[in-house]
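K.L.:
Make the full structure from the sequences, and use the hints.
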Amino acid sequence: MIRKIFPHPFLSVTLGILWMLLVNRLALGSLVMATILAIIIPHASAAYWRARPRLIRPLALLGYIGIVLYDVILSSFAVAKIILVMPSAQIKSAFITVPIDLSSPEAITVLAGTITMTPGTLTVDIAADRRSLLVHSLHAPDPEAIRDQIKSRYEARLKRIFA
Amino acid sequence: MIGAGLDILIAALLVLGGVFGLVGSYGLLRLKGAMQRLHAPTKASTVGLGAVLMASAIGAGSTQEILVTLFIFLTAPLTALYLAKTLLHRHITPAELPTAAGGADWAAQSPAQPPVAQKD
Numbered sequence: 001m002i003r004k005i006f007p008h009p010f011l012s013v014t015l016g017i018l019w020m021l022l023v024n025r026l027a028l029g030s031l032v033m034a035t036i037l038a039i040i041i042p043h044a045s046a047a048y049w050r051a052r053p054r055l056i057r058p059l060a061l062l063g064y065i066g067i068v069l070y071d072v073i074l075s076s077f078a079v080a081k082i083i084l085v086m087p088s089a090q091i092k093s094a095f096i097t098v099p100i101d102l103s104s105p106e107a108i109t110v111l112a113g114t115i116t117m118t119p120g121t122l123t124v125d126i127a128a129d130r131r132s133l134l135v136h137s138l139h140a141p142d143p144e145a146i147r148d149q150i151k152s153r154y155e156a157r158l159k160r161i162f163a
Numbered sequence: 164m165i166g167a168g169l170d171i172l173i174a175a176l177l178v179l180g181g182v183f184g185l186v187g188s189y190g191l192l193r194l195k196g197a198m199q200r201l202h203a204p205t206k207a208s209t210v211g212l213g214a215v216l217m218a219s220a221i222g223a224g225s226t227q228e229i230l231v232t233l234f235i236f237l238t239a240p241l242t243a244l245y246l247a248k249t250l251l252h253r254h255i256t257p258a259e260l261p262t263a264a265g266g267a268d269w270a271a272q273s274p275a276q277p278p279v280a281q282k283d
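First to last, the sequence lines map onto chains A and B. Note that this note's numbering has the first sequence beginning at 1, numbered continuously upward. Note that this note's numbering has the second sequence beginning at 164, numbered continuously upward.
Think of the hints as simulated: they come from the structure by calculation, not from any bench. Quick caveat: nothing in here was measured; it's all calculated off a predicted structure. Wrong hints could be hidden among the right ones.
[To be verified] DSS-like, lysine-lysine: derived pairs with alpha carbons at most 25 angstroms apart:
1) A:K92 / A:K81
2) A:K151 / B:K248
3) A:K92 / B:K195
4) A:K159 / B:K195
5) A:K151 / A:K92
P.N.:
Here it is, written out as C-alpha cells:
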C-alpha cells in the first residue's frame, strides 16, 4: 500500500524537502502542498525512473557530502594559490586514467561530479566500456597519487553507499 | 553585540566570495590552454559563490540559498563536462591521452555505437 503511494521514497522525501526550502516558511499549508507534490511527481515521472537507484546506506551519503564540502573549500585555496603565485612554466597539467569499480550509473555520475567539484581535478570523459574515467588535473606532479586519492577517498565511500 | 558579530561574519563572507570570484576570473586570463582554463571557473568560483550565498542566507534568514547551492553543485560539473567533451572531440587526438583500463576507447572519441540497453 505505502509502496503504491510512494514508489520512490527517496525521491518523495527529496521533493518534499525541496518544496519546504523553496517556500521558505514552516506552515501547515506548505506541508500539505509538499506532501501532494511528493506523491504526484514520482508518479508523473515514473517513465524516467525505470531502474531505481539503490542506496545501501543512505545516511552515509550525508557523511560523504560533508567530506566533499570540506575538500572543496580546502582545495579551492590550493587552486587559488596555483593561479596567483605559481609561474606558468611550473604548472604541470596532466590527463589521468582512473579505473573505476563502480557499476551503477548513478554512482559513477556522483563520482564524476565529485571529481569536477573538488578543485584541481576535472572529469573529462568516461571510457566506452564504462570502466575508467578520464580526469584532467590542473597541477599533477604525481598523477598516481591523485588517482589513488580519488579511489580511496571518494570511490571507496560510494561503493559502500550504492548497491 | 550579536548583531554586530553577525554583520562582521556576513561582511567577511562577502569579501571572501568577491576574492574567490576575482581569482577565478584572473585564472581564466592567466592559465594556458583550454583544459587549464576550464579549471578556474568551475573551482575557485564555486567557493566564491558559496560564500556569497551563505552571507545571503545568514543575512536574510532564508533557506532558498541552500537550493541555489544545490543546483549549482548539480549543474556546474555538467557544464564543465560538456566543454571538456567538445575539446576531446575537436582538438585533442587519442595519442595525447592516456589509455583507458582494458584498452577501451574514450567515449567522446569512440566510433558511434548503439546506446547501451538500460536494465529494467
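K.L.:
Looking back at the hints listed earlier, which ones does the structure fail to meet?
P.N.:
Number 4 only.
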